[in-house]
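Student: Residue numbers (the numbering used here), protein chains in the order written: chain A, 1 to 245; chain B, 1 to 215; chain C, 1 to 225.
If you are wondering where the hints come from, they were derived from the structure by calculation, not from laboratory data. Fair warning: this is a prediction, and the values are worked out from it, not measured in the lab. Glycine included, every Cβ here is placed at the ideal spot set by N, Cα and C. It is possible that some hints are incorrect.
[What the hints assert, rightly or not] Label-pair restraints from in silico Cβ distances: (1) A/PRO95 with B/GLY80: 49 to 57 Å; (2) B/GLY52 with C/ARG182: 30 to 38 Å; (3) C/SER81 with B/GLY80: 43 to 51 Å; (4) C/ALA40 with A/ASP136: 49 to 57 Å; (5) C/SER152 with A/LYS124: 50 to 58 Å.
[Claimed, not checked] Far from chain B by the CB rule (all over 12 Å, computed), these chain A residues: (6) SER40; (7) GLU119; (8) SER143; (9) GLY144; (10) LEU187; (11) MET201; (12) ASP209; (13) VAL222; (14) PRO225; (15) GLU226.
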Amino acid sequence: MADSIVNIVALRKRFGTNEVLKGIDLDVKRGEVIAIIGKSGSGKSTLLRCVNGLEVFQEGSLEVDGQPLKHGDPRAMRALRQHVGMIFQSFNLFPHLSVGRNVMLAPTLVKKHNGPEAEQQARKLLERVGLADKFDAWPDQLSGGQQQRVAIARALAMQPSVMLCDEITSALDPELVGEVLRVVEGLAEEGMTLMMVTHEMNFARKVSDRVVFMHAGRIHEVGPPEQLFGAPQTAELKQFLSALH
Amino acid sequence: MIDFSLWDIFRNLLLAARWTVGLSLVAFAGGGLVALALLLARLAKLRGAERGVSLYVQLFQGTPLLMQLFLAYFGLALFGINVPAWLAAGLALTFYTSAFLAEIWRGCVNSIAKGQWEAADSLALSFSETMRHVIGPQALRIAVAPTVGFLVQVIKGTALASVIGFIELTKAGTMITNATFRPFTVYACVALMYFALCWPISAWSRQLERKLRRG
Amino acid sequence: MVALDFGAVVAEWPLLLRGAAFTLGLTAVAAVLGVGLGVACGWARAWGPPWLRHLVGVYVELIRNTPFIVQLFFVFFGLPSLGVRLTPELASVIAMVINLGAYAAEISRAGIEGTPRGQIEAARSLAFTERQVFLRVVLPPALARVWPAMVSQIVIVMLGSAVCGQIATQELSYYANLIQSRNFRAFESFIVATALYLLLSVVLRQGLNWIGPRWIFGRVPQAGR
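Only chain A is shown next, with the shape it has when bound in the complex:
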């Protein structure tokens, strides 16, 4: 029986006086693929960023792998982030390091892998995302899709149990989206727990176990993709889906 890997209970978050998350309850099982959809401003990215502590919440609880988030404790946060990987919309590759070094940096420093070991792992991961020949290339020499795949390899190098994907194809030219989604699909098939904020509805439909629809800081509907896309219950979801066509 799959156990809970991310457990969110009654989470509330404010930016100043503006409450952007109004009581979120979500339980993610190990190996599950969750797609989070909704309009801009619904709080999807904020929720995702709470899971690895890039955003701080005021009320409620968030546990990853049974461990509650301790915002004030840098060491606890670093321990958490070794288990939770994140891919960003703007890739955020380190421009002054080659592709290979980008992937190797964190394992070398944080997990204390030695040089050759980290390099071997990096080469394997780059091969897995289809960029085996780009080990010595520089980020600015790569296309957006290639950079994003390097970012995925970089996050995978830490061997996380959960991967957070924050609109990872939104900044890509349309023809480059497919190559990135293929890699993510591969991760899903291998049993990685994924939480993705995405606008790619077809992809969400195909790959996710459950879809979460957020609106104005609340989860309006949750369920398997056929249910949410095929038989939307709430007016907001119906409106959201119709606006896409």
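Start from chain A and add chains B and C according to the hints.
Tutor: Using the frame of chain A, we list chains B and C on its own:
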């Protein structure tokens, strides 16, 4: 009245210029170290660092360097220590430099995209690892041009040390003027020597900036 | 512990006030003339004929790579050799104007060169003379663009004017020196003077930021509104 040739004037000024260079380098190096400490304190979000450093910078940027030199000179004298001019000048210029460099470098670090910090955090890097491997190298590249440019300000600043009696290029100029009664020639030479020191550095800084912008 | 006596210094507040007022006055005159000179030079560097561009370039580089105190001494002590007699005040203003002019030249040049091409083309299409194009269409937004840098430079010149006390110009640092020579409270005098300079720099900055949009370049809408 002793008759000085142009070469005599030049030679004496040149000897004094050594002290200008020396003081500049000391202030620049010392100021750089202090600035680095202040910057790191600010970035590490140590308690009171943001406020304290901000105030420190505003103090040095909002008051005349001349006053800072006087305060160093007379302030230390209060404690009964007979402070030599070079020490007061060195201290004052070091702290003056540290405030400006801290501000310049802060601007450089701020120009680095927030996403770089977030990516490093997400990879579980500690603050010192993030500074050393991710932010530092990028900030360094951006900071070289303006830092080199500020060296020119420091060299010009040493001229004020003459007012508290430190014998560098400007003071030597004053002394030689008093001896030769040829202020036009002497001060023109002094100006040209400062120009010879500063202009190459300014040009170099501009070149560095162009290289940075090109990629 | 050391005994500090600020009372002796604060008692001389009329002198300090006179000095501060003179500093502000010097700065005001130097600012108007210096920015004027700077704008003219900025125009020359951006749009002038090559020989003028080079000439101004030499002037700018010379001033920016030499200390203000040396420029001041050159004007006050050096020029009399050529038969020019200057009072300390006049020498101070001249030196400050020449100094500010060089920096203002670079600052205004940056502003002028940042003018969108379309603005100039539109003005020319409306049959403006070149002079009108520059003064009415190019200059105000250019100044608005670079105003923070210009204000900073004026403040720097104001702080630099402290050196003018060395040639007996009766500004703030001169009086601070005078006071300490009378009551031997050097540290206290200079602390008070420094605090006054700090106050002056805040006031000057606020004042110039207020004056800019109202009297100099008009309100230019922010991008995106």
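Student: Are the hints correct? Go through all of them and say.
Tutor: Evaluated hints:
| no. | hint | result |
| --- | --- | --- |
| 1 | A/PRO95 with B/GLY80: 49 to 57 Å | holds, 55 Å |
| 2 | B/GLY52 with C/ARG182: 30 to 38 Å | holds, 36 Å |
| 3 | C/SER81 with B/GLY80: 43 to 51 Å | holds, 44 Å |
| 4 | C/ALA40 with A/ASP136: 49 to 57 Å | holds, 54 Å |
| 5 | C/SER152 with A/LYS124: 50 to 58 Å | holds, 54 Å |
| 6 | SER40 | holds, 19 Å |
| 7 | GLU119 | holds, 16 Å |
| 8 | SER143 | holds, 17 Å |
| 9 | GLY144 | holds, 14 Å |
| 10 | LEU187 | holds, 16 Å |
| 11 | MET201 | holds, 26 Å |
| 12 | ASP209 | holds, 24 Å |
| 13 | VAL222 | holds, 26 Å |
| 14 | PRO225 | holds, 27 Å |
| 15 | GLU226 | holds, 33 Å |
Hint compliance for this structure: every hint is met.
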